[in-house]
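**Q** Spelled out, the chains give:
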Amino acid sequence: MIRFSDISGNPVMDTSTATTVGRVEAPIIDPVSRTVVGFRIRKSAGPGSVLLWGALAGLGPDALTVNSAERLAEPPEELKTRSGKKLDVLKRRVLTEHGHPLGKVKDIEFDPADGRVTSLMLKDSFVDGGRLLGIGQYAVVVTG
Amino acid sequence: MSVLLRAADLVKRPVVTLAGDDIAQIKDVVYSSLSGELAGFTLNGRGMFAGPLKKTLPWANVHGLGPAAVMIVDESHLADQRAFDGELEGAGGVVLGSVVLTQGGRSLGTVTDVVLSVNEKSTDAVGYEIQPSDKTAPRRQFVPLPDALSVSGEALILPDTAIDFIRDDLAGFGAAVEEFRARLGPHAVRPAEVPAEAPAEGPVEGRTEAQTTGEPPQ
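Note that the protein sequences, when read in sequence, are chains A and B. The opening position of the first sequence corresponds to residue 7 in our numbering, with each subsequent residue numbered one higher. The opening position of the second sequence corresponds to residue 3 in our numbering, with each subsequent residue numbered one higher.
FYI, nobody ran anything at the bench for these hints, they're computed from the structure. Where is the CB? At the ideal position from N, CA and C, for every residue including glycine. Each hint should be verified, as a subset may be incorrect.
Below, a list of computed lysine to aspartate or glutamate pairs in the EDC-like style, where the Cα atoms sit at most 20 Å apart [as the list claims (entries may be wrong)]:
1. A/K97 x B/D76
2. A/K86 x A/D130
3. A/K86 x B/E131
4. B/K14 x B/D30
5. A/K86 x A/D12
6. A/K110 x B/D23
7. B/K137 x B/E181
8. A/K92 x B/D171
9. A/K92 x A/E31
10. A/K129 x A/D94
11. A/K91 x B/D24
12. A/K92 x B/D30
13. A/K97 x A/D113
14. A/K49 x A/E84
15. A/K110 x B/D24
16. A/K92 x B/D24
17. A/K91 x A/D36
18. A/K86 x A/D134
19. B/K29 x B/D76
20. A/K110 x A/D94
21. A/K129 x A/E115
22. A/K49 x A/E115
23. B/K57 x B/E131
24. A/K92 x A/E80
25. A/K97 x B/D24
26. B/K56 x B/E77
27. B/K56 x B/D24
28. B/K57 x B/D23
29. A/K91 x A/E80
30. A/K91 x B/E181
A short list of chain B residues far from chain A (calculated; beta carbon distances all over 10 Å) [what the hints assert, rightly or not]:
31. T19
32. D23
33. D24
34. A52
35. H65
36. D82
37. S109
38. G176
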């Protein structure tokens, strides 16, 4: 398992030119499949600022690698709002489906093999990734 | 674990979908004009300058009600305004402002709010906040609500034993409601619900207590 805070700000390296083409800014999470579907990249040298999970060449502890800067692209239509800042999961409040507040998301933990979110880490508790129901502009909603 | 809160405390609470979007906030509470039960909510938009919404939220469509938000499944669970035709909003409701009388004919005060018990999974109206008619009593008190009661636009009739369970704050009120309902036993429970609950709640002990502490009519 890997935590987003471990890779936040890490460089994105283009393996064909061995140059830095951007830095990891935020995870993009699909609440339906409960997986990390990509990352938002700042200081992107490519045509867009979204790096989809499928476009990654490697995800290591010190850098993300891609085989071309072209991989940093505009998000596809269905991920356009999902990849925006307004739906970032980090620092967002967490509510149960019955309206009880749990705190704010401090960090997320996910499986580096397939991107599955294994847990949301709050100030002093964990929420299992399988409980994720929705990520909206007001709150992250979990079952329970 | 359950939390007691006044229905008026819900005003301004955000209405959040399970997808996590806040699509409205509670403007006012609507009571059913027939039974005095909570019928639903009228809504305002979110944000400082948002006005009232044309949509309403019927109680049956509330998915969860917690300290931080009123949860609904999605936007399609809001109804239009016509859902509440004939019901009364906020202070104009049948229950609010009604005089609370005991069956013995003693006036306890007027209803100022409805107390809801919010459990992990469900919500129930369990009592009323009243302004006591007795001037020496605290500014507000809470009376428990039996499962079934008679209510009209004029008054609301409670059993005499309710007097023993009046509380001055919400802290001890939850236990008082449970005890009150247990003591009423089979009388308050509708016939269909009797078998499971009635024997366990000790009607023998309850009845003797009720006789010794029962208030004489005034």
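**Q** Are the hints correct? Go through all of them and say.
**A** Structure-based check of each hint:
no.	hint	in the structure
1	A/K97 x B/D76	23 Å, violated
2	A/K86 x A/D130	32 Å, violated
3	A/K86 x B/E131	49 Å, violated
4	B/K14 x B/D30	8 Å, holds
5	A/K86 x A/D12	25 Å, violated
6	A/K110 x B/D23	16 Å, holds
7	B/K137 x B/E181	27 Å, violated
8	A/K92 x B/D171	41 Å, violated
9	A/K92 x A/E31	14 Å, holds
10	A/K129 x A/D94	17 Å, holds
11	A/K91 x B/D24	16 Å, holds
12	A/K92 x B/D30	29 Å, violated
13	A/K97 x A/D113	8 Å, holds
14	A/K49 x A/E84	23 Å, violated
15	A/K110 x B/D24	16 Å, holds
16	A/K92 x B/D24	13 Å, holds
17	A/K91 x A/D36	14 Å, holds
18	A/K86 x A/D134	26 Å, violated
19	B/K29 x B/D76	19 Å, holds
20	A/K110 x A/D94	12 Å, holds
21	A/K129 x A/E115	14 Å, holds
22	A/K49 x A/E115	24 Å, violated
23	B/K57 x B/E131	28 Å, violated
24	A/K92 x A/E80	17 Å, holds
25	A/K97 x B/D24	16 Å, holds
26	B/K56 x B/E77	13 Å, holds
27	B/K56 x B/D24	16 Å, holds
28	B/K57 x B/D23	16 Å, holds
29	A/K91 x A/E80	14 Å, holds
30	A/K91 x B/E181	51 Å, violated
31	T19	7 Å, violated
32	D23	4 Å, violated
33	D24	4 Å, violated
34	A52	14 Å, holds
35	H65	6 Å, violated
36	D82	23 Å, holds
37	S109	36 Å, holds
38	G176	17 Å, holds
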